[in-house]
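Peer 1: I would like the entire structure built from these sequences, with the hints used as guidance.
Number of protein chains: 2
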Amino acid sequence: MLLENICVILVEPQGPRNIGAVCRAMLNFGLADLRLVNPQTDHTVHEARQMAVNATSVLERARLFTSIEAALSDCTLSYGTTRRFGKYREDLIHPDEAARQLLPHAVNGRVAMVFGREDKGLHTAELDLCQRFVTIPTDEQLPSMNLAQAVLICLYEISKARGDLSGLSHGRKQLASGKSMEGMFRHMKQTLADVGFLNPQNPDHILRAFRRIFGRAGLSEREVRILQGLWSQMDELHVRASETDSGECNG
Amino acid sequence: MLLENICVILVEPQGPRNIGAVCRAMLNFGLADLRLVNPQTDHTVHEARQMAVNATSVLERARLFTSIEAALSDCTLSYGTTRRFGKYREDLIHPDEAARQLLPHAVNGRVAMVFGREDKGLHTAELDLCQRFVTIPTDEQLPSMNLAQAVLICLYEISKARGDLSGLSHGRKQLASGKSMEGMFRHMKQTLADVGFLNPQNPDHILRAFRRIFGRAGLSEREVRILQGLWSQMDELHVRASETDSGECNG
Numbered sequence: 001m002l003l004e005n006i007c008v009i010l011v012e013p014q015g016p017r018n019i020g021a022v023c024r025a026m027l028n029f030g031l032a033d034l035r036l037v038n039p040q041t042d043h044t045v046h047e048a049r050q051m052a053v054n055a056t057s058v059l060e061r062a063r064l065f066t067s068i069e070a071a072l073s074d075c076t077l078s079y080g081t082t083r084r085f086g087k088y089r090e091d092l093i094h095p096d097e098a099a100r101q102l103l104p105h106a107v108n109g110r111v112a113m114v115f116g117r118e119d120k121g122l123h124t125a126e127l128d129l130c131q132r133f134v135t136i137p138t139d140e141q142l143p144s145m146n147l148a149q150a151v152l153i154c155l156y157e158i159s160k161a162r163g164d165l166s167g168l169s170h171g172r173k174q175l176a177s178g179k180s181m182e183g184m185f186r187h188m189k190q191t192l193a194d195v196g197f198l199n200p201q202n203p204d205h206i207l208r209a210f211r212r213i214f215g216r217a218g219l220s221e222r223e224v225r226i227l228q229g230l231w232s233q234m235d236e237l238h239v240r241a242s243e244t245d246s247g248e249c250n251g
Numbered sequence: 001m002l003l004e005n006i007c008v009i010l011v012e013p014q015g016p017r018n019i020g021a022v023c024r025a026m027l028n029f030g031l032a033d034l035r036l037v038n039p040q041t042d043h044t045v046h047e048a049r050q051m052a053v054n055a056t057s058v059l060e061r062a063r064l065f066t067s068i069e070a071a072l073s074d075c076t077l078s079y080g081t082t083r084r085f086g087k088y089r090e091d092l093i094h095p096d097e098a099a100r101q102l103l104p105h106a107v108n109g110r111v112a113m114v115f116g117r118e119d120k121g122l123h124t125a126e127l128d129l130c131q132r133f134v135t136i137p138t139d140e141q142l143p144s145m146n147l148a149q150a151v152l153i154c155l156y157e158i159s160k161a162r163g164d165l166s167g168l169s170h171g172r173k174q175l176a177s178g179k180s181m182e183g184m185f186r187h188m189k190q191t192l193a194d195v196g197f198l199n200p201q202n203p204d205h206i207l208r209a210f211r212r213i214f215g216r217a218g219l220s221e222r223e224v225r226i227l228q229g230l231w232s233q234m235d236e237l238h239v240r241a242s243e244t245d246s247g248e249c250n251g
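The listed protein sequences correspond, in order, to chains A and B.
Those letters in the first sequence? Residues 1 to 251, per the numbering used here, in order.
Those letters in the second sequence? Residues 1 to 251, per the numbering used here, in order.
Everything labelled a hint here was simulated from the structure, so no lab data went into it.
Where hints are given, some of them may not hold.
Since the list can't tell identical chains apart, any single copy or any two copies may satisfy a pair.
Said to hold, decoys possible - In silico SDA-like cross-links for lysine to any residue, where the CA-CA straight-line distance does not exceed 25 Å:
#1 160 x 100
#2 160 x 73
#3 189 x 64
#4 179 x 215
#5 160 x 136
#6 120 x 30
Peer 2: Written as structure tokens, this is what we have:
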């Protein structure tokens, strides 16, 4: 039940062997919901099946998506994996902490672990679609892990954390869907641009800050509606303020 | 130093890709001492190097042995990995416990993690050469793990136990002071009241919702400043909008 609500999303995976190995790692730890965003290879070829071994069922049931947004649309919480620190450093957590955080939310909502390309990982704009960020600390001699190995560590920690928590509190709050979150963010972006709150040179600077704040907060549907209301209020003020400038009242 | 005293022993590995992947996993977690007992393949072939990626140095320095006894001769403690319970059931420990046990012994002695064949694992007689026994708990749907993935989990736990990995998740970010949070909330309350976003009968209803959201998010000083900027922007819009209503421009 818990594990049925956890999906693995691979963004533009390039190696069929890696995809197959991910399927085996998933079934090793009881997961079966695999989603592929624009795979750069046919995931059903022989090499993939060979690495999936007895997990070909996961491979065959894998669903294809053309965007991360679409793959996340039914997810209430998503964890993006990255090695690139920089602006995410403050928010980066490790797989064990992510597993402990994630499981309670998987009781009554769908949770996603998102993994990027073998070579380049996830782009910043793709990480922005996730609410939380996970990194696997590795030795500086060779920080880069194989994709399937990175997936394995995250699922292993979920399996461990699951064994730890017996009797989860089902009274955990329900988070807003990725769909309504993105709808609210679209409204926010339009409003903040209209009222001139964004720097035209770098609008994402502020937008990302808000995404991070609300992402960490974990919003309920009601809270998303309150924010929608706030943006609408700003829209209305902006329209009325513009009427002044347009000098309409002199007409 | 610690990690230099930990070696990985693969008994009769069959797949060059697996051997290469083991090398990468080892270097990911700072290990370099790989020992192969009667490998069933040439471990230096292209497929092995391809999977080792930047860990080909580990692959090239791997030492060959004709028996487990020989590979273990300089080790003071060895952990044999197995999925076959039976006579070992009572003694079986998980990778995290093994890591905690093993590290103190690696300070002044050489410790080995021994892994068996991809298909059959370690024979009972081979396990008898180890002092302790490790198993990785997996889902009964598919208990059998890929060799390199089993090695990875064990090394990941060693790295975790070593405390290398505790840095990030424990290093909490600097949160904004209560003083600046309250200053921002006061501004928010005034602004939302001025623009009519609050229900005069019950203003706290919405204010509390925002307090909860920002409280859960854990704001940095920079994020508090961004929110202050948002309220100021609303104040300005409100003033300009009011000028219309007040008909000032006719005066």
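Peer 1: Each hint: holds or not?
Peer 2: Hint check results:
1. 160 x 100: both (9 Å within a copy, 16 Å between copies)
2. 160 x 73: Answer is neither; intra-copy 27 Å and inter-copy 34 Å both fail.
3. 189 x 64: Intra 28 Å, inter 46 Å, cutoff 25 Å: neither.
4. 179 x 215: both (13 Å within a copy, 24 Å between copies)
5. 160 x 136: both (16 Å within a copy, 10 Å between copies)
6. 120 x 30: between (28 Å within a copy, 22 Å between copies)
Going through the hint list in order, the structure does not satisfy hints 2 and 3.
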